[in-house]
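Please assemble the complex out of the two chains, which come individually in their own frames, going by the hints.
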Amino acid sequence: MTMIDEAPNSLGYRPFSVGGFTFARDEYFVTVEWPTGNHQMPVDHWLRCIQRDVAWEFFYGIVNFDSVIGTMNHYGTVDMFAGRFNEAYRRAEVDYNETFDEEELLGCFRAMLSDWTNEGYDPFAAPLETGSAFGPSSGDNDEAVTRKRVVAERMVSVPGDEPLRSDESGFPVNRAFADVDQSEPVIEAEPGYESEVCSFNLYAYLSRSDVTWNPSIVSACKESLYCPTTEEFTLPVIHGNDRVEWFVQLSDEIQWDVEDRDTGAKRARVIMKAGDVAAMPADIRHTGYSPKRSMLLVWENGSPRIPEMIAKGEAPVHPVDF
Amino acid sequence: MTQYTTVFGSLEDYSKGGVQIVDDDPKYYAFSNVFDVASRAAPYEKVAVGKNLEYVLEAIRAEGTSEWRATPHDEFALVMDGTVSVELLDPAVELVDPASSGSITLEGRPDGSPMGTVTAQRGHMTMLPAGKAYRMHCDGVGVVLLQTIEGPDTVYRWGDICQTF
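Protein chains in written order, with my numbering: chain A, 1 to 322; chain B, 323 to 487.
Next up, chain B with everything else stripped away, as it sits in the complex (with noise of 0.2 Å):
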């Protein structure tokens, strides 16, 4: 039987593809890479490789512990590499507009139950609920790639990341 030898890409080791343009524009497809990505943001900087309309695909380096955020709706959190652990805690007053969208940075920790703590390595997929707030903690560096809503704190760089020719 033959053996198959899965590739899943890291920081330490990824390889790229690209566009191969026939009669178009590179830039309509946005191409990157969530690695290459990670590997030039500051931690846990949120950065934009996908965007449709509102929602928005983040590249997330996991270094050290995030501050808290505090999200107003269902965000998803896919790790690619490395083992984040997420807190996860039931604030004791809202602390985000349920109609607005987004996650926001708290100031410190909020008061309120500790809900449990995930850790999660390559190909982990966490919830983090609505109405709750969240910090990950990463020992050494991680990469995250988090389903959400853009906000206030959603860093664009289009031009940086992205195929341009």
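Okay, chain A solo, but in the shape it has when bound (with noise of 0.2 Å):
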């Protein structure tokens, strides 16, 4: 399993290629193939998918990019696969699935984020807030496509930990939250407290978020990790659980639709409003559609025995009985 270093294409793009999956772009497209089959899907949408694989490392679960082509994560390894979750591929006999060291895939998308992202597009950004991924080869964008993923070890703004966010530090207010509260809590620490005695505004950070539906970890108790995220326009991904996921809208509103994780049948729509609490269960996948920028509190259990625990029936596949 290695990949391959050709020569770029007519339009400037190289090809690339990880065990039996081999990639390439033109104008409008990314062509996949494997050994029994081969899928297209729009150049834009598979940057913004592989830029969260990247940015989150593969997330918890699965990450599908469409019905057809997505990874599974297993901490450490992952797979990548073409029609594992679609029943019709899996009945045809033409699903595959290739198990790579992480870094591995993780380098060969790094490497296709770079070469086949053009200046002036950002696959973190909302529509309305970049230019076109389409086209011949013309340039790059490696500032946006290696942004680092915020991972506060207990919480953003405590000394030694992520910082805040500000206009200094090249976090503007977003222009859909120009009118978000920017004023920080009043802090009184007694002599000596300072680096325990801290508050910070979670809503104005996030107004100054510059990027979309990439989780970033801002609190920590044990493996309780709070992942807010800013979301517009809609979630690139179908995102598979291996857990229970919980979401808290905090402003705005998201609609979500919920199939099952295997199959792709839809289950449910589930619409939030802000304050509504709602679990995504461990045996669904899901997406996204935020019509204004908003909001949202994902609520993950970081456990890595998690995917094993349900397995065994050990950890429940629906967050609470009652």
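Just so you know, these hints were derived from the structure itself, not from any lab. Please read these numbers as outputs of a predicted model, since none were measured by experiment. Where a beta carbon is used, it is the ideal one built from N, C-alpha and C, also for glycine. Please note: incorrect hints may appear among the correct ones.
Cross-link-like lysine-lysine pairs, in silico, DSSO-like; alpha carbons within 27 Å at most [as the list claims (entries may be wrong)]: (1) A:K312 / B:K349; (2) A:K273 / B:K349; (3) A:K148 / B:K349.
What follows is a list of derived Cβ distance ranges for each label pair [unchecked claim]: (4) B:G386 / A:M309: 38 to 44 Å; (5) B:D345 / A:E119: 43 to 49 Å; (6) A:G76 / B:D482: 40 to 46 Å; (7) A:S138 / B:Y326: 30 to 36 Å; (8) A:T130 / B:G434: 49 to 55 Å; (9) B:T486 / A:E119: 49 to 55 Å; (10) A:V317 / B:S435: 43 to 49 Å; (11) A:P172 / B:V415: 44 to 50 Å; (12) A:S169 / B:D335: 30 to 36 Å.
This is the structure:
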């Protein structure tokens, strides 16, 4: 399983290969081939998907790019698949799955992002805030595609932990959050306790996020992780859970389509408004739609033991019984 | 340029969404609303609105002054409505087993050193440090979402707070 390094095509784009998968792009599309089939996706969608996989390091569970292609995280190794969670592909026996060392597939996706992202296009940005992904190769946007994901050890703003965002640090308030109060809490710490009396304005912090659909850790209570994110337009991937995941809608509204994780059969739609809380069961996949930029608190239990616990029946597929 | 209005909920003004079932059980989504739960809770009652194994999210109606509590691990309090002050205290003796989970109620103010006070409004998130004691105060009525681990005072009433059909 090695990546090949070929010369660019006539449009200036390099082809890539990892294991049995090959990837090529033209002005509009990415073509993926594997030993039993092939598939095409619009290149802007493709870049948004692999950007999340890179930023999240494959996140929890399954990241479906669409109904055919995706990745499944085993936390150290990762599967790339075609048709694995598509009943028709499985029935026709043209589905394909290959397991990679996490770094090998990440390396392939990082190289692809660098080569296939043109100057002015930002896969993290909402469509209204970025240029076009299409056309022949034209420069790059490495600064955008190599952003570091926020991972707080205790909480954002605690001395030594992740810093606050500001105009000066390159995080202006987003156009859709111009009305969000920027005042910080009043902190009156006694001498010697400055590092433990800590508080910050989470909503102001989120209003300055320059990415969409990219959960970042702002606080950690052991393995309980607050991963808020700002959302606009659509979640580019269809996230398949390997554990129960919770959402708290902090502002505005998101609508979710929920499907069976393995077959794609529709199970529910979940409409979330400010203050709403909902669980996503461990056996579903979901994608979201946010018509106005919104603030979503994604709450995860980061324990690496959970997929095995669910498989053994030691952890529930559904959040609570009542 | 388009002018956007960001919608945050409050006790006085919130609107719930919901689960539209195609082929599933709405209970699997444990759908509730923090403001709705707090509007029907007793002051400083810790009502679970999220649970992921031992970890919980608690909706708390902040009204008046809470009891003193001690926590064996970091907790995080997000004010979602109102103005809530948090008073922190470094106890003179260990009040809670560091290996335990969830905060506990204390009998009155413990001996110790004042650490300071945070006055937090909507959107402000405050750390409640491991091994310390705290209490909250709200002149009116506020709402706090607490990131913590289930403890002896966590209240479960899923059947009352969640969408069931």
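Cross-check of the supplied hints:
1. Restraint check: the Cα-Cα separation between K312 of chain A and K349 of chain B comes to about 23 Å, which is no more than 27 Å; the hinted pair holds.
2. With a C-alpha separation of about 18 Å, the suggested pairing of K273 of chain A with K349 of chain B holds against the 27 Å cut-off.
3. Our distance criterion of 27 Å between C-alpha atoms is broken by K148 of chain A and K349 of chain B, whose separation comes to about 37 Å.
4. G386 of chain B and M309 of chain A have their C-beta atoms about 41 Å apart, which keeps the hinted 38 to 44 Å range intact.
5. Our hint of 43 to 49 Å for D345 of chain B and E119 of chain A holds, since their Cβ atoms are close to 46 Å apart.
6. Evaluation of the 40 to 46 Å hint for G76 of chain A and D482 of chain B yields a pass: the beta carbon distance comes to about 42 Å.
7. Remark: the range hint 30 to 36 Å for S138 of chain A to Y326 of chain B is upheld by a beta-carbon distance near 31 Å.
8. Checked against the given bound of 49 to 55 Å, the beta carbons of T130 of chain A and G434 of chain B, roughly 53 Å apart, stay inside it.
9. At about 52 Å, the CB distance of T486 of chain B to E119 of chain A agrees with the hint of 49 to 55 Å.
10. The hinted window of 43 to 49 Å between V317 of chain A and S435 of chain B holds, with their beta carbons roughly 47 Å apart.
11. Taking 44 to 50 Å as the suggested C-beta distance range, the pair P172 of chain A and V415 of chain B conforms, at roughly 48 Å.
12. Between S169 of chain A and D335 of chain B the CB atoms are about 34 Å apart, so this pair conforms to the stated range of 30 to 36 Å.
Checked against the numbered hints listed earlier, the structure breaks hint 3 alone; every other hint is satisfied.
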